Amino acid sequence: RPMLSATRPQPQRVFSGTPGGQKPAKMPAVSKGDGMRGLAVFISDIRNCKSKEAEIKRINKELANIRSKFKGDKALDGYSKKKYVCKLLFIFLLGHDIDFGHMEAVNLLSSNKYTEKQIGYLFISVLVNSNSELIRLINNAIKNDLSSRNPTFMCLALHCIANVGSREMAEAFASEIPRILVAGDTMDSVKQSAALCLLRLYKTSPDLVLMGEWTSRVVHLLNDQHMGVVTAAISLITCLSQKNPDEFKTCVSLAVSRLSRIVSSASTDLQDYTYYFVPAPWLSCKLLRLLQCYPPPEDGAVKGRLVECLETILNKAQEPPKSKKVQHSNAKNAILFEAISLIIHYDSEPNLLVRACNQLGQFLQHRETNLRYLALESMCTLASSEFSHEAVKTHIETVINALKTERDVSVRQRAADLLYAMCDRSNAKQIVAEMLSYLETADYSIREEMVLKVAILAEKYAVDYSWYVDTILNLIRIAGDYVSEEVWYRVIQIVINRDDVQGYAAKTVFEALQAPACHENMVKVGGYILGEFGNLIAVVTVLFCHLAPCSSTFSQRPRRLSKRCCAMSWLVHLQQTVHNSDQYYVQTSEVVSPVPQATVLEEMPPFPERESSILAKLKKKKGPGAVSVTELEDGKREGGELNGGGERGPETASTPSPSADLLGIRSVAPVGASLSSAGSLLVDVFSEAGPAAPSAAVNDDGFLRFVCKNNGVLFENQLLQIGIKSEYRQNLGRMYLFYGNKTSVQFASFTTTVSCPGELQSHILCRPQLNVQSKPVEPLVEGGAQIQQVLNIECITDFSEAPLLNIKFRYGGALQNLTLKLPVTINKFFQPTEMASQDFFQRWKQLSQPQQEAQKIFKASHGMDTEVIKAKLLGLGMALLDNVDPNPENYVCAGVIQTKGQQVGCLLRLEPNAQAQMYRLTLRCSKDLVSRRLCELLAQQF
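The sequence shown begins at 1 in UniProt numbering and counts up one residue at a time.
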């Protein structure tokens, strides 16, 4: 999206025309013979060529001449070398390869003439790569110039280092440049070049640029008298602060002090740095951006001074412009928007937040499109603040008008994002109605996102469930092609969970299906809802007239529909009307025994609570609008919960690939979500992941969910989501950890540590029980991004405690510390063992010592479903043996735990009592500790 030109820092300009607003260092005078007439003639010849062939012929002739001169016996003087190197450089810029002349360019570096040295550095910066054999010679020449104390030569050398920016350059000069930067006798122009050169090296090789002892002295460059030095130094300090905020936190007070001096000064005070009557706009923007790397200052005086600066910036924005030129307004607005970004970042000054909102509201009707776009984008973030939400809502009519009338689609999209962000119970119906109205003519590129937002708002703020059903059905009618499965799944879930809306939903869907043409998604919803609740309305034959035009995927699923109780109970009533369609169900009912038939004809049970997969899908959308959506859903306002709770049985294990996006549809509910307290939470059952664990000193609530599965979401709160995917073979395992940043703010200093507590660290023989090796992670996690870490696990001997994962990072300057119990249990190293009945019971009798057996009788905590029990036993890692136990209702398993030192044989017998809803679990292992530990783990799974 095009932005204000003044919001992108560029070299400063002043009225005098001096670049950067500073007086350039005085360069050596150019002698009369430095005009290089031969170069001018060559360029003229090239321009006069009538064809490509003529140009190539002239270039080849010149290359041959230059090559002969370089190889000739007569030594060339500096002027001739410079001229020929310039010709080679010009030929290279025309697109031709140059394979000679590099040594001559290096020789020019040793010249004492500025123009010769300048051409040598220019040639090297453009044509010499980091793998060149000449790098050592170049480095030596650069070192000589850096130690020469000649400011002109030092600047040329620093520019070359920055332009090449290779790791070899960083290794050679990373320790030397900070010393030049902070030295008291270094000239201002050299300090500027040194700061920007160091910034370049830090971006390419951050591990080699260690500030250490130079940190405080670099920070104090913010107090330098020369504004050019401050401007260059703040770019370096901002980059360093993002990676190491603690080391550079002293820069906050200095930045506030410098900002205060600039903001309170008149345009005449900083004449060399005034841009169209705005004092030092680029430096002001950089200072405000630096302050956004830290939380509000703790020192009351510093905070008060900063608040005064921000108020002054807001006041100046209201003053009449001092110039009608666009450069003047751009400079003022650039500072204003950075100040508003800082106010939003702090989110602690209600007065400033409201003033910022009012200022942005004035831009909503500005004639400049860029300003309207930026105002809408900033107000999206303001809408998520409890202090400014009401102020944002006052502009609802203006935003709606922008949604309808803006010619630029990107501005319309930001308007839709703002409507979504400012929505609450008081205006939900109005906003949803306007978004539905706009959806009929919306650009195709944003329709899918609009559909998701309408669906989320309709569910989140619906008090009247009939309004929700009407809204979603209207949504399907208007934009059926863009209604994903997640949307119509939600309708079904909500209707099933709410008894009071089922009859109305069946009636409304039935009426919608009587239209001459219905979208496939409408037919899907109708098939599901009428299949469940068609008995609540008069029986009619409207569904099947729409099945033929639908996709074969849907029309060829009668068995699937019947299995999921979607249509059978309703179709039995239609035997006399829809003969071809219900014959299958009638025949099925005749051959199926009464008990399974009753089970099939039962209504769908209520769905358990999880985060909405619609919301998860919307969070995956990129761009500023999606960022505000994520922050809004993390936040602070009340919401409407539509879905009743209720257990539905064990979840199905998800199986993401190592590169899977765990911030996507499989997201789980935020920490602490409940029906009564999480008003802003959307829940879902079609997502595969289970609920997340709350944060604690050692968080192990999600640990037990992974005893019988290897993949899923281990932890999630409002900031961070952690997913895992693991695989095991014999005594070795590999675990992929996915860390997802759910916010729009960067995580800094992100580190993870895996430790093995207690007995895992040392055994009686001083040997570790579990060896876990982790690969380091990136120290920065951008907003909305995900990084991956790989753990290699080796089981040395049997163990009972799980390793711990400690995660530390900085969010908005505040340190976050989280410790989780990793789901590495002894059963992960099972190798399934097949056995015949005779072998099993023979081995069972051999493991008859009391300490080898562990037994537990417990009440079932989940439904006693046969398939679910089998899936959990197989997930445990053992082989499930058929036809072994005399009682066919019992389950028998066998397996061998593989460790590095030994093998531990294990036998399992699970005896369910469906009538009493009880289990008896018996485990016999060749090691007593293993049998007890497995018994404890398994008893909590059923």
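Don't read these hints as lab results, they were simulated from the structure.
Since we're looking at a predicted model, the values are computed, not measured.
Just so it is clear, CB atoms sit at the ideal spot from N, CA and C, and this is done for glycine as well.
Do not rely on the hints blindly, as some may be mistaken.
Lysine-lysine pairs mimicking DSS-like chemistry, simulated, CA-CA at most 27 angstroms apart [stated by the list, open to error]: (1) 859 x 872; (2) 870 x 927; (3) 808 x 845; (4) 404 x 393; (5) 856 x 872; (6) 429 x 404; (7) 243 x 775; (8) 870 x 859; (9) 69 x 57; (10) 872 x 845; (11) 316 x 303; (12) 927 x 872; (13) 775 x 856; (14) 429 x 507; (15) 808 x 900.
Label-pair restraints from in silico Cβ distances [what the hints assert, rightly or not]: (16) 779 x 511: 50 to 60 angstroms; (17) 864 x 718: 31 to 41 angstroms; (18) 53 x 129: 25 to 35 angstroms.
Against the structure, the hints come out as follows:
Proposed proximity of residue 859 and residue 872 is supported: the alpha carbons are some 17 angstroms apart, at most 27 angstroms. Taking the CA atoms of residue 870 and residue 927, the gap is about 25 angstroms. The hint holds against a cut of 27 angstroms. Taken as a hint, the residue 808 and residue 845 pair is broken in the structure, with Cα atoms around 51 angstroms apart against an allowance of 27 angstroms. Straight-line distance between C-alpha atoms of residue 404 and residue 393 comes to about 18 angstroms, which keeps the hinted pair within the 27 angstroms bound.
With a CA separation close to 17 angstroms, the supplied pair residue 856 and residue 872 stays within the 27 angstroms bound. With a CA separation close to 17 angstroms, the supplied pair residue 429 and residue 404 stays within the 27 angstroms bound. Under the criterion of a C-alpha separation no larger than 27 angstroms, the hint pairing residue 243 with residue 775 is consistent with the structure, at around 20 angstroms. Only pairs whose Cα atoms come within 27 angstroms are accepted, and residue 870 paired with residue 859 is accepted, the gap being roughly 18 angstroms.
For the proposed pair residue 69 and residue 57, the alpha carbon gap of about 19 angstroms is at most 27 angstroms, so the pair holds. Our distance criterion of 27 angstroms between C-alpha atoms is met by residue 872 and residue 845, whose separation comes to about 26 angstroms. With a CA separation close to 20 angstroms, the supplied pair residue 316 and residue 303 stays within the 27 angstroms bound. At roughly 23 angstroms between alpha-carbon atoms, residue 927 and residue 872 fall within 27 angstroms of each other, so this suggested pair holds.
With a CA separation close to 40 angstroms, the supplied pair residue 775 and residue 856 exceeds the 27 angstroms bound. Proposed proximity of residue 429 and residue 507 is supported: the alpha carbons are some 22 angstroms apart, at most 27 angstroms. The straight-line distance between the Cα atoms of residue 808 and residue 900 is roughly 32 angstroms, outside the 27 angstroms bound, and the hint therefore fails. As the Cβ distance of residue 779 to residue 511 is approximately 58 angstroms, the hint placing it in 50 to 60 angstroms holds.
Checked against the hint of 31 to 41 angstroms, the pair residue 864 and residue 718 passes, with Cβ atoms roughly 37 angstroms apart. Checked against the given bound of 25 to 35 angstroms, the beta carbons of residue 53 and residue 129, roughly 30 angstroms apart, stay inside it.
Consistency note: the structure conflicts with the earlier hints numbered 3, 13 and 15.
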